[in-house]
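> Please construct the entire structure, taking both the sequences and the accompanying hints into account.
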Amino acid sequence: MSSLDKETVRKIAFLSRIEVAEDALGELAGDLTRILDFIEELQEVDVEGAAPLTSVADLTLPLRKDEVTDGNIQQKVLANAPLTDAGCFVVPKVVE
Amino acid sequence: MTDLTNLTLAAARDGLAKGDYTSVELTEAHIAAMASQRDLNAFITETPEKAIEMARASDAKRAKGDVGKMEGLPIAVKDLFCTEGVQTTAASHILEGFIPQYESTVTANLFGNGAVMLGKSNLDEFAMGSANVTSYFGNVINPWKAADGKNLVPGGSSGGSAAAVAGRMALAATGTDTGGSIRQPAAFCGIVGLKPTYGRCSRWGVVAFASSLDQAGPMTRSVRDAAIMLGAMAGHDPKDSTSAPMAVPDFEAALTGDIRGMKIGIPKEYRVDGMPDEIARLWDDGVAMLRDAGASVVDISLPHTKYALPTYYIVAPAEASSNLARYDGVRFGLREVAEGDSLDDLYMKTRAAGFGKEVQRRIMIGTYVLSAGYYDAYYNKALKVRRRIYEDFANAFGTVDAVLTPTAPSAAFAIGENQDDPVKMYLNDVFTVPASLAGLPGMSLPTGLSASGLPLGLQLIGKPFDEETVLRVGGVLESAAGFTAKPAGLEG
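Note that the protein sequences, when read in sequence, are chains A and B.
The numbering of the first sequence is our numbering, which starts it at -1 and goes up by one.
The numbering of the second sequence is our numbering, which starts it at 3 and goes up by one.
No wet-lab data here; the hints were simulated from the structure.
Glycine is no exception: its CB is placed at the ideal position from the N, C-alpha and C atoms.
You may find that some hints are simply not true.
Claimed, not checked - Here are the computed lysine-lysine pairs in the DSS-like style, where the Cα-Cα straight-line distance is at most 30 Å: (1) B:Lys71 <-> B:Lys488; (2) B:Lys308 <-> B:Lys386; (3) B:Lys386 <-> A:Lys9; (4) B:Lys359 <-> A:Lys4; (5) A:Lys91 <-> A:Lys9; (6) A:Lys74 <-> B:Lys241; (7) A:Lys9 <-> B:Lys351; (8) B:Lys52 <-> A:Lys74; (9) A:Lys63 <-> B:Lys241; (10) B:Lys66 <-> B:Lys52; (11) B:Lys426 <-> A:Lys4; (12) A:Lys74 <-> B:Lys351.
Stated by the list, open to error - Among the chain A residues that face chain B by a calculated CB cut under 7 Å, a handful are: (13) Leu59; (14) Ala77; (15) Pro80.
Here it is, written out as structure tokens:
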């Protein structure tokens, strides 16, 4: 039985880059704890010798020629951006 | 409802071919049906002008003798498929107003085959949910009503697609299925829903939830229709590296009606504690129908079944937390920022305002199970259990041709139920998640009614890339069950 405290939830929220109000941390901790309790059941499974299965696609990743296949679509790339300037995405200042 | 909205895809295809009506007429009838049932909230965006334009083009194409597999047939498209020039939201505030500059491969295939798009159907936010109650654009209401007249959920996440097809607003619809999102709403709404083998349909241009599980498929009112539509959606796509480089069979040709000598497996682990009598009975009836049709029914064991849901609720959120990192308020979608905020502030405010509660929970669970110190205990462990689940099916398919199970543990429930605890909602997918983890094709079809008169579905699971057997057995089950019930108000 794992139980998440508010501090841990605050940390997970930051790693997830989701702002969580201080007064919402308690309820969220409860919800996440219930989900973690539910998945805790896996600990009892014997997985000795089992290779992790990341994908069922029985494929080796296909290769293609290393060449430009598109481009010159600046307007399309920027079409849905909330804020642009001179053909660039605009973000808050990150370097002082 | 008119006669034109009550057709199967197959019948509409024949009617168009005979010249009984045009695609424009067929499309206009569905536009009217869509408009008259807006109270069900099945669509986020209706595209009537585009539909008429596509129908006109289809009629012109037909006049020249150029007829695709879905020529002139009006369908709904789940609002998770990027459609060029048409808003695509994934039912999330964070993507409100997003206009894709490209067309998903599956919709491009469908439109190339002549299909007409009526609109973008509602869903659970980012396809995360089993009741269509997490959409930013409101709940979808099931066309079927409870005996007391209460509004019911359509299932999820493809709830708008299922409601549109069951409510005769579209001849068929696209769905996507990560853990049951095609099959469970199909069962709740009394229609057919087919999740193909992972890799059968391209994921390119489908808003990603859990990339190792997501798969597009058809939602229709008959098994034949599922075969027709899958044939028009599927195919290898170099733009999706997990798309299988395999030819698309003639799925309709698989509907021979003959399953004599086939072996159908009945997994004992699916007979879960507390299974409602009516679900157990539905299942037993299905077994009897297949036996009567000449199949032999075999008891099988899928020993890791009970671990499928907890495995899924590690793997899917882990992949989601990674996939949804792209919603950063910079390149597209919502942006929340105040004067003087840092880049981190922008990310955190945007994502808090843009994602709903369930999506936030799953991103955080995914982040947690992937974080240093927990990766091995949770994520890697889940991947190993996933291997066991995969092996269970591989062993079973050494002796059987297909597996028969119930689709969902209950009929559709009232809006508001199962919402007090996230885990309660997750239990809806107990029978659909194992096939998802193993990447196998699964189809739900309606075979009976609950005591309260609501549709119930059975699920057929097949071997990898053997949708043909699933369809063949499904066709026989469909004929034997003779399910003809319709939501109140749509009879006749």
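> Run every hint past the structure and note whether it holds.
Hint check:
1. For the hint linking Lys71 of chain B to Lys488 of chain B, the alpha-carbon distance of about 27 Å falls within 30 Å, and the restraint holds.
2. For the hint linking Lys308 of chain B to Lys386 of chain B, the alpha-carbon distance of about 15 Å falls within 30 Å, and the restraint holds.
3. As the CA atoms of Lys386 of chain B and Lys9 of chain A are separated by approximately 27 Å, the hinted pair is consistent with the 30 Å bound.
4. Distance restraint check for Lys359 of chain B and Lys4 of chain A: the Cα-Cα separation of roughly 17 Å lies within the 30 Å cut-off, and the hinted pair is therefore satisfied.
5. Distance hint between Lys91 of chain A and Lys9 of chain A is fulfilled; the C-alpha atoms sit about 24 Å from each other, no more than 30 Å.
6. Between Lys74 of chain A and Lys241 of chain B the CA atoms are separated by roughly 18 Å; this keeps the pair inside 30 Å, and the hint holds.
7. Between Lys9 of chain A and Lys351 of chain B the alpha-carbon distance is near 16 Å, which keeps this suggested pair within the 30 Å criterion.
8. Between the alpha carbons of Lys52 of chain B and Lys74 of chain A the distance comes to roughly 21 Å, so the proposed pair stays at or under 30 Å and holds.
9. Taking the CA atoms of Lys63 of chain A and Lys241 of chain B, the gap is about 14 Å. The hint holds against a cut of 30 Å.
10. Between Lys66 of chain B and Lys52 of chain B the alpha-carbon distance is near 21 Å, which keeps this suggested pair within the 30 Å criterion.
11. As the CA atoms of Lys426 of chain B and Lys4 of chain A are separated by approximately 23 Å, the hinted pair is consistent with the 30 Å bound.
12. Proposed proximity of Lys74 of chain A and Lys351 of chain B is supported: the alpha carbons are some 26 Å apart, at most 30 Å.
13. With a cut of 7 Å, the hint placing Leu59 of chain A at the interface with chain B holds, because the nearest CB-to-CB distance is about 6 Å.
14. At about 5 Å, the closest approach between the beta carbon of Ala77 of chain A and any beta carbon in chain B falls short of 7 Å, and the interface hint on this residue holds.
15. Taking 7 Å as the C-beta contact cut-off toward chain B, the hint placing Pro80 of chain A at the interface holds, the least distance being around 4 Å.
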